[in-house]
Amino acid sequence: MSERFKYRDDREAYSAARVRALEALLIKKGIITDRTVNTVLEFFETKMGPFNGAKIVARAWVDPTFKERLVADTPKAIAELDLPDGMAGAEGEHMRAVANAPGVHNLIICTLCSCYPWPVLGLPPYWYKDPTFRSRAAREPRAVLAEFGLPISEDVEVKVWDSSAQIRWFVVPERPSGTEGLSETELEALVTPEAMMGVAVAKAA
Amino acid sequence: MLTQFEHFAVTEMLGQPDSPPRANGTLCFGSEWERTSFGIALALAKEGYFEWDDFRDELIASIRRWEDEHPADYSSWNYYDQFLTALESAVVKTNLLTASELREFFTLGDQVNQ
Chain U
1 MSERFKYRDD REAYSAARVR ALEALLIKKG IITDRTVNTV LEFFETKMGP FNGAKIVARA
61 WVDPTFKERL VADTPKAIAE LDLPDGMAGA EGEHMRAVAN APGVHNLIIC TLCSCYPWPV
121 LGLPPYWYKD PTFRSRAARE PRAVLAEFGL PISEDVEVKV WDSSAQIRWF VVPERPSGTE
181 GLSETELEAL VTPEAMMGVA VAKAA
Chain R
1001 MLTQFEHFAV TEMLGQPDSP PRANGTLCFG SEWERTSFGI ALALAKEGYF EWDDFRDELI
1061 ASIRRWEDEH PADYSSWNYY DQFLTALESA VVKTNLLTAS ELREFFTLGD QVNQ
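For the record, the sequence lines run as chains U and R.
Reminder that position 106 of the first sequence reads as 106 in the numbering used here, one-by-one numbering, no gaps.
Remember, the numbering used here sits 1000 above the position in the second sequence when you count from 1.
Isolated chain U, as found in the complex:
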């Protein structure tokens, strides 16, 4: 069907109408229901994704003892939070948190595979699997971070953590200054996947 619509100005409207026809027919035939799309996408939109990592980091910001437990035994600390089932399963069970601090900046990479802590960070960005990024980040992390717009001063140590099938790392960024009055929920909104990978820092809104 697509050929007929290729050069139309109202291609958006046509595509939307094609999907409506497709969905309506599949529902009419009992193959799917009107809830199917939302149910399947819930996995990405509410169960597994960077919003979980944001909750973990925000808790660590407001509760220093939680932060200590998180770094000491990541799965056990995560289990304290009310996160979706499955957080401790799949790849979640091998997760380890490393915390940034004055004088230490952490960066996570994966030189051998596509290991990525999905349940807390969501889908990896395009460049994460790029062989050039992987090898350069391991070899010259400061230069790579500078290219990400994050120059690290010489008196700060850069630690690079290479994920494997056994351990998947994520970074607890430092709480930005000027956020003292914010609630835990407001703090969650400041935590980005990039900050939890260590290619950015969390910033006050």
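By construction, these hints were calculated from the structure, which means they are not laboratory data.
Backbone N, C-alpha and C fix where the C-beta goes; we use that ideal spot for every residue, glycine too.
Label-pair distances were calculated between CB atoms; the ranges are:
#1 R:1092 / U:151: 47 to 57 Å
#2 U:130 / R:1051: 22 to 32 Å
#3 U:143 / R:1016: 27 to 37 Å
#4 R:1095 / U:12: 27 to 37 Å
#5 U:164 / R:1051: 23 to 33 Å
#6 R:1060 / U:186: 39 to 49 Å
#7 R:1053 / U:126: 13 to 23 Å
#8 U:153 / R:1092: 55 to 65 Å
#9 U:138 / R:1004: 24 to 34 Å
#10 U:85 / R:1017: 32 to 42 Å
#11 R:1095 / U:164: 36 to 46 Å
Calculated Cβ distances over 12 Å to all of chain R for the following chain U residues:
#12 73
#13 135
#14 155
#15 181
#16 201
Got chain U; can you put chain R on it based on the hints?
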């Protein structure tokens, strides 16, 4: 190690020619029809109406065709145009729906009552 189908399906695409648009750790949809297309394809494969890999073959072929037809100008590129074309092809090939049924149900502008 238990892996959910949704996780497996999207992970397979990453770094491949049919890698879906994403931003800030989540799938990135430009409009509701793009989201619905993705959800339908994933749901049908999850329920076993077709193999995810077979659908992806359709999608990759559709992307390649588009690139061959637009060698210089990518300005009209939309990932989900190709995704929808592949999805229509997959439901027809697996006899879930026929092309004429799809044409019959196609009404531009009017919301189809569900």
